[in-house]
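*Asks:* Based on these hints, arrange chain P on the given structure of chain B.
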Amino acid sequence: MTCCAPTDLTHGHDPRQRSPGIDEVMLGSRDLGNGLRQVALSVPDMRCGACMIQLETTLGRLPDVRSVRANLTTKRVTINWQADNGNPPDFAASIGAIGYTAVLPTDAVDQPGEEMSGLLRALAVAGFCSMNIMILSVSVWSGADPSTRQALHMMSAALALPAVIYSGATFYRSAWRALAHGRVNMDVPISIGVLLSFGLSLYDTFIEGRQAYFEASTSLLFVLLVGRTLDEMMRKRARSAAASLADMMPKGANIVREDGRIDYVPLNEIRPGTRTLIAAGDRVPADGTILSGISELDRSMLTGESRWERVAPGAQVRAGDLNIGRPLMVEATVAPEDSTLAELHRMLEAVEDGRSEYRMLIDRAARLYAPVVHGLSVLAFLAWFAFTRDVHLSLTIAISVLIIACPCALGLAVPMVQVVAARRLFRHGVVARDGSALERLAEIDTVVFDKTGTLTQYDPVLATVTSKGPLELSLAVSLARFSNHPMSKAIVDNASRGNGEILSLEDIREVPGHGLEASFRGERYLLGRAAWATGGDTPAPTAPSTVVLTKGGEVLASFLFGERVRAGSAKAVRFLKDRGVAVQMLTGDVPEAANAVARELGIDDVKATALPKDKAGIIEALRDRGRKVMMIGDGINDAVALKTAHVSMAPASGSDIGCSAADFILLNSDMDGIRIALTTAGRAAALIRQNVALAIVYNVVSIPLALSGYASPLIAAVAMSTSSVLVVANAVRLDMDADVLSWRRRPTASLAGAAQ
Amino acid sequence: MSTLSFLIPIAVLMGMAGLGAFLWSLRNGQYEDMDGAAERILYEHDDKPLGGDPH
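Residue numbers (the UniProt record's numbering), protein chains in the order written: chain B, 1 to 756; chain P, 1 to 55.
Extracted from the complex, chain B is given alone in its bound form (with noise of 0.2 Å):
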């Protein structure tokens, strides 16, 4: 990879990610007609546009590809290819080449904007109308004599229509639904106010009166129609985390049939008994037992252990464990379906579907303000009414109360606040993914960390060297250059800041879970797990972070390895506590472990060894004794907890799951985000409750004069227009505020830096 660094994912191609391969590329394929078939592949790495533009250019050189497209709004590749010469060409191989991770998204038709589209449209033409109508009520206005006051009345009725009709309609459908429900919602008296002051101005149009507001019905829509597009912009961003799960799945898997033969089958063909052969690089589609094979499996998924665990015949495997080393043959205890994965993911549907039932701060209001409007509109209607028998004055005053009452300030207000905060956090290295999460953040008071990954980083960090000499040490800096695994790695990098001797070793073989041996000058040479070295079975707690090299049983140099802090960890525990946040550590990893990390930051309250299920429940167990949380993790046996928390974070370096199911993503690789993240909150929780009052005092000075009967509809809609207009530059503020900058340099530039 050879651009954006701002993370830590420069590791690039990421060995704990599976790529699919070309069967399951065939089953995710759409058939466009004319033996064409059209893939979309997820890439996350793709970053910025030299991502894109190789992407590109690699795929396209493959043969009976026809062409490709990628996305780096939604991080996707098109590609359509000719499919009637056989299979598909490899393209998760040729992705994986270069440096990247190719996913097969769920939905293989990715659908980002269809709701977005269709919002844009009714907002253009609901401008279009509005904008040509005031021109031609300014012609009214300014004086035009009869006739030509009843033509140009006739091409604004004729120019209201279409975005009466058709600009309308996404208000007309929701106010329905709540209607149909039962229920009434702000879109009633939008939808209300809208039909009936156009009935009325056709009205006088057709009785050749001296006005009609057609402005105001088609101001009205569109200055509301900005706040939903705006609202809709932030709401896009959330994706489902049970969706991103569901990604991470395969799609299929390579079956034993009895008379040996091997199949790629779907899912759903996987029963109990199933012989299933899982090579190197591939999850486990179904929770089962491993007939043979011994290998090294990753089962960060479920478990959020990063080390690798090793496997032999016999041993348990649960979906969604990765196989790092060599083939395994697994038979199916359980379907694909009854796995403790498929468990994971309808748990995370259900936190999900629970979770939407946190109202966003204008619904609250408007399910208040509809039912005061349309009470006063009708009161209005039925007072004038009594009092001048005149049903057209009282109608245009009930309009006016109706148009002039509509909390459309606030519908504007609120999503703004929020659009621009989330871009300003995102130039600061943090996304927001839900509008509501910023209002939620704002009230938090207990932060819960997860360790590994969130606090520390997950390449582990060599402490402590010791050796008989430096043969010895040259001996096992060599013999670690043949393995990949990332305590080689942290052992050859550790040396290459030395004078690291290059000896020639023969005969070297790697034992998968074990560690590597080698001959040097006759002599046998082992480097690895201690209890594997030594020969001896002594299972020591501190084993796995231990590598020692021996002869024979003779331990000659040791490597103990530590967990390396997130740079800006203990400066983020200080930030919150000054705050008055309670900080609190949750983790699954062993005590000791959880225990070192949390004296180093400075956090007293530490839980270790939560399984994902525990971790959700001391979540909850805070939230019923009225906290609001922060949960702060990383993994996919944080999703659950993520999902549970009154709102969450995550660090990009993190899962895919884990970043789907928080509200907050962390793309710098520092926790100064944290801060920003708060800091910003709380000032646009300030600027909405500013917002709301601006609105609640126009209205408290306007509805009075509606009622009585100095408000025309025009009128009423400029009034409403200008406070739209007052409560978005007040939002705006929120971008010139110096206070929330942090003094580093925005990110972006750094991003654009590194591009090349």
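If you're looking for bench data, these hints aren't it; they were derived computationally from the structure. Honestly, I wouldn't trust all of these hints.
[Said to hold, decoys possible] A partial selection of chain B residues facing chain P, derived with a Cβ cut-off under 10 Å:
{"#": "1", "residue": "Thr73"}
{"#": "2", "residue": "Ser117"}
{"#": "3", "residue": "Leu179"}
{"#": "4", "residue": "Thr722"}
Here a beta-carbon is modelled for each residue, glycine too, at the ideal position from N, C-alpha and C.
*Replies:* Below, chain P alone, put in the same frame as chain B:
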């Protein structure tokens, strides 16, 4: 009035042309990858959208 009678249709037609252009570009997928579009300008490359309706 006589001036208005052709100025207004011209204004409306021009507005409609703009609206049409916007709707066309929207349907053509030109807003699907705003980040990518901003980057693509920096690379010398035969650039054209995937074409057709991808949905």
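*Asks:* All the hints need checking, so say for each whether the structure fits it.
*Replies:* Hint by hint, here is what the structure shows:
Using the Cβ-Cβ criterion of 10 Å, the hint placing Thr73/B at the interface with chain P is satisfied: the shortest such distance is roughly 5 Å. Below 10 Å, beta-carbon pairs count as interface contacts, and Ser117/B has one with chain P at about 6 Å; its hint therefore holds. Taking 10 Å as the C-beta cut-off, the interface hint given for Leu179/B is violated, the closest approach to chain P being about 31 Å. Hint status for Thr722/B relative to chain P: violated, with the closest Cβ pair at about 24 Å, above 10 Å.
Taken one by one, the earlier hints fail for this structure at numbers 3, 4, listed in ascending order.
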